[in-house]
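**Q** Chain by chain, the residues run as shown.
Number of protein chains: 2
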Amino acid sequence: MNHGFFTIISREEFVRKLKGFVPLDAETADLSLALNRVLADDLIAPHDWPLLDRSCMDGYAVNARDVFGAGESNPGYLECVAALPIDRLPDISLKPGECARIATGGILPDGADGVVMVEHTHAMEDDDTGGTIEIRRSAAPGENVMQRGEDAREGKVALAKGTVMRPQEIGLAAALGFETMKLARRPRVGILSTGDELIPTHQTPVPGQVRDVNTHSLAALVEQAGGVPVPYGIVKDDLEHLSDALGTAIRDNDLVLLSGGSSIGVRDLTVQTIEAMNGAEILAHGVAISPGKPTILGRVGTKPVLGLPGQVTSALVVMHVLILPLIRHLQGDGLAFDRTVRTLRKAELARNLPSKPGREDYVRIRLEEREGQPPLAHPVLGKSGLLRTIVQAHGLACIPAESEGFYGNDLIDVWII
Amino acid sequence: MNHGFFTIISREEFVRKLKGFVPLDAETADLSLALNRVLADDLIAPHDWPLLDRSCMDGYAVNARDVFGAGESNPGYLECVAALPIDRLPDISLKPGECARIATGGILPDGADGVVMVEHTHAMEDDDTGGTIEIRRSAAPGENVMQRGEDAREGKVALAKGTVMRPQEIGLAAALGFETMKLARRPRVGILSTGDELIPTHQTPVPGQVRDVNTHSLAALVEQAGGVPVPYGIVKDDLEHLSDALGTAIRDNDLVLLSGGSSIGVRDLTVQTIEAMNGAEILAHGVAISPGKPTILGRVGTKPVLGLPGQVTSALVVMHVLILPLIRHLQGDGLAFDRTVRTLRKAELARNLPSKPGREDYVRIRLEEREGQPPLAHPVLGKSGLLRTIVQAHGLACIPAESEGFYGNDLIDVWII
Chain A
1 MNHGFFTIIS REEFVRKLKG FVPLDAETAD LSLALNRVLA DDLIAPHDWP
51 LLDRSCMDGY AVNARDVFGA GESNPGYLEC VAALPIDRLP DISLKPGECA
101 RIATGGILPD GADGVVMVEH THAMEDDDTG GTIEIRRSAA PGENVMQRGE
151 DAREGKVALA KGTVMRPQEI GLAAALGFET MKLARRPRVG ILSTGDELIP
201 THQTPVPGQV RDVNTHSLAA LVEQAGGVPV PYGIVKDDLE HLSDALGTAI
251 RDNDLVLLSG GSSIGVRDLT VQTIEAMNGA EILAHGVAIS PGKPTILGRV
301 GTKPVLGLPG QVTSALVVMH VLILPLIRHL QGDGLAFDRT VRTLRKAELA
351 RNLPSKPGRE DYVRIRLEER EGQPPLAHPV LGKSGLLRTI VQAHGLACIP
401 AESEGFYGND LIDVWII
Chain B
1001 MNHGFFTIIS REEFVRKLKG FVPLDAETAD LSLALNRVLA DDLIAPHDWP
1051 LLDRSCMDGY AVNARDVFGA GESNPGYLEC VAALPIDRLP DISLKPGECA
1101 RIATGGILPD GADGVVMVEH THAMEDDDTG GTIEIRRSAA PGENVMQRGE
1151 DAREGKVALA KGTVMRPQEI GLAAALGFET MKLARRPRVG ILSTGDELIP
1201 THQTPVPGQV RDVNTHSLAA LVEQAGGVPV PYGIVKDDLE HLSDALGTAI
1251 RDNDLVLLSG GSSIGVRDLT VQTIEAMNGA EILAHGVAIS PGKPTILGRV
1301 GTKPVLGLPG QVTSALVVMH VLILPLIRHL QGDGLAFDRT VRTLRKAELA
1351 RNLPSKPGRE DYVRIRLEER EGQPPLAHPV LGKSGLLRTI VQAHGLACIP
1401 AESEGFYGND LIDVWII
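Protein sequence lines correspond, in order, to chains A and B.
So that you can map any letter, position 186 of the first sequence is 186 in our numbering, and since no number is skipped, the others follow by simple counting.
So that you can map any letter, position 271 of the second sequence is 1271 in our numbering, and since no number is skipped, the others follow by simple counting.
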């Protein structure tokens, strides 16, 4: 497709090119730093977990045969021979007609194969460790018991390479004794802002000047995706300064974002600067999404370099649609580009939302909550150079490239950002 | 409701008690640390933003009157009198019949009130800064122009107290020159594990011993909600040791989590320990959710203390349902307890899912993706002391307290965790 200025490719094609970049190498990282990161090696269980059969409940360890048919109206009676310690192997063995007091987590003694919850029992004597226990419910073999090896088996993969470490995976790693593990490195993401009109946040703009917004928004987004933002500040928009800064950024980072180049001159300069690097190639001059069309994808050596649209809203949309998934992909996250990982809410469109076929449209949406119904989705229209529209928005509606838009009252997915 | 062991309250009532805790005080924090945190004061715009009318496009600044009715078949012709600098106030004034080359972000000169995109123009002469320009489209006044003050007006609230700082709000704050701002403090969350059977992760368990899983999983969850986890490690489960450790944790933190106390003895000890603190009160002995029933809520002075179920899955569910919202609430997030902030996915239940009315059930769900249809939701049943079930699960299905469950093929919401 030629739009007069540059050749643009579809989002699918752009994503294919992004997927061509190889995930980063691994590093050994502490368990406390693993949240949301990706395992770079299988975690092999060093032992069964649980080590032995354990009780899931407070109650009495029994042999299922001894309580067969027990119920409220026909309780069984067992002799309690011990209160089992929670932290040691029981040193007793249950004989027929016997039971033992057991706490949640306690190991079943020999001769026991099930647990009756304390709620379904009654101690006939006022004696903690002994006496006759009325059993008001039966227990099948294995009932209320965590079996040896149910969580992990010695020598087997407990968590596979590529697993994203959620709090529960962190728990399993801790249970198996992994204080450190191999994780894909967090990509270092160099952020360069270009534009002679830009000034740092602490300066006061005179007419014509604009504070550097993108560095801050992009850094926050990079962080959100698990990358390490490395801001380089504002770079003068001439070939020499930009080449120097880009060279440094590429050397010291895994991915470089250039922002500020939305006007044609700066776009051209961005392309020129990337092309001038050693081993560089421009992979895309644009992508068929709106906003976000003038996005440049380059490769310098093995590293991706992206020229983002200068308009802040466009840059944010491109970050969400393309770059945050790339940052996850570089960490080895197999679902990085999978849209099922987006946070979506169903909402009823408040009015017609037409769209030009041939490009994917991302329309900012403000949600109006309603009692007992899906929220109402109000498109927030406005210029993409303004922040107000995206600040007012709760999310984005994505209109597929082949669609001419949605109708008012359509139930649509709003991607919460 | 009395369940034989302790009085439990509904989730709604439990949440009401959590909401009674007062959000934390504010601190001055750097913009780079603001992501997902909550503004503790209004941000008042120190100046209009944009400072003046700016172009949204590359093109020609025009007076709308001069291009009225222009189109592909009847273009207008204007004399380009300047290429405007992007970083300074233009020093020209357009006369009738004149236009000026303008870049995205450039300030409109006097006499101009609209911009025609460069795509809709043609320079008749090979001259960057002058010559006759063919104008092939009209421009309404204000077209392709960001108006002065559209993003923020001097002296007015640009971002209100209580706003959660997303990347776009961070951008707006940067645009207005805020390098620091007042944010609610991140709650320090003390994490204590009790249980004589617990050992630290680096030790190898002998039968009866269990590595301390909860400290690691809870710390990750606290981090996820924006809190600062402060793990105290394993505390011996007697009144003296636990009281000492709890006293220190309460002194140095904003919220304390006690975990490990799922067996009756440890539960009783937890209640006893909290009650023994100066100015303490037990607000709830349990909550009508499953898993998670044996959750204790106490107050020591103004600070919440929670006794979590010892079973790791139960503790994780309680964290998601009650404690992560509390951590957000303590930061002043008005939507903290609002279920609309959950990440939900529609899925088709693979089989019947019965539930006991009177309590809210949170059933672990594994999703099976399908092409072109909502994913299939498989309940993952299993003992809540095991990690496997929650590691296999993508999320939770919440069955309301008044419901007797769902049917197979029902379309349900799966809360992704």
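Because the hints were derived from the structure by calculation, they are not lab data.
All values derive from a computational prediction rather than experimental measurement.
A virtual CB, placed ideally from N, CA and C, is assigned to each residue, including glycine.
There's no promise every hint is true.
Selected chain A positions facing chain B (in silico; Cβ < 10 Å) [unchecked claim]:
id, residue
1, Pro46
2, Pro50
3, Met146
4, Glu169
5, Ile170
6, His202
7, Val228
8, Pro231
9, Asp244
10, Val271
11, Asn278
12, Ile282
13, Phe337
14, Ser355
Away from chain B, derived, C-beta distances all over 10 Å, residues of chain A [as the list claims (entries may be wrong)]:
id, residue
15, His47
16, Pro167
17, Thr204
18, Gly208
19, Ala276
20, Thr343
21, Lys346
22, Glu369
23, Lys383
Cβ pair distances, simulated, as ranges [stated by the list, open to error]:
id, chain 1, residue 1, chain 2, residue 2, range
24, A, Val228, B, Lys1161, 25 to 35 Å
25, A, Gln203, B, His1241, 51 to 61 Å
26, A, Pro354, B, Arg1065, 42 to 52 Å
27, A, Gln272, B, Gln1373, 42 to 52 Å
28, B, Gln1373, A, Pro374, 36 to 46 Å
**Q** All hints, please: hold or fail.
**A** Tested hints:
no., hint, result
1, Pro46, "holds (8 Å)"
2, Pro50, "holds (8 Å)"
3, Met146, "holds (5 Å)"
4, Glu169, "holds (6 Å)"
5, Ile170, "holds (5 Å)"
6, His202, "holds (5 Å)"
7, Val228, "violated (12 Å)"
8, Pro231, "holds (8 Å)"
9, Asp244, "violated (21 Å)"
10, Val271, "violated (15 Å)"
11, Asn278, "violated (30 Å)"
12, Ile282, "violated (20 Å)"
13, Phe337, "violated (14 Å)"
14, Ser355, "violated (19 Å)"
15, His47, "violated (8 Å)"
16, Pro167, "violated (4 Å)"
17, Thr204, "violated (7 Å)"
18, Gly208, "violated (4 Å)"
19, Ala276, "holds (23 Å)"
20, Thr343, "violated (4 Å)"
21, Lys346, "violated (8 Å)"
22, Glu369, "violated (6 Å)"
23, Lys383, "violated (5 Å)"
24, Val228(A) x Lys1161(B): 25 to 35 Å, "holds (31 Å)"
25, Gln203(A) x His1241(B): 51 to 61 Å, "holds (56 Å)"
26, Pro354(A) x Arg1065(B): 42 to 52 Å, "violated (29 Å)"
27, Gln272(A) x Gln1373(B): 42 to 52 Å, "holds (48 Å)"
28, Gln1373(B) x Pro374(A): 36 to 46 Å, "violated (20 Å)"
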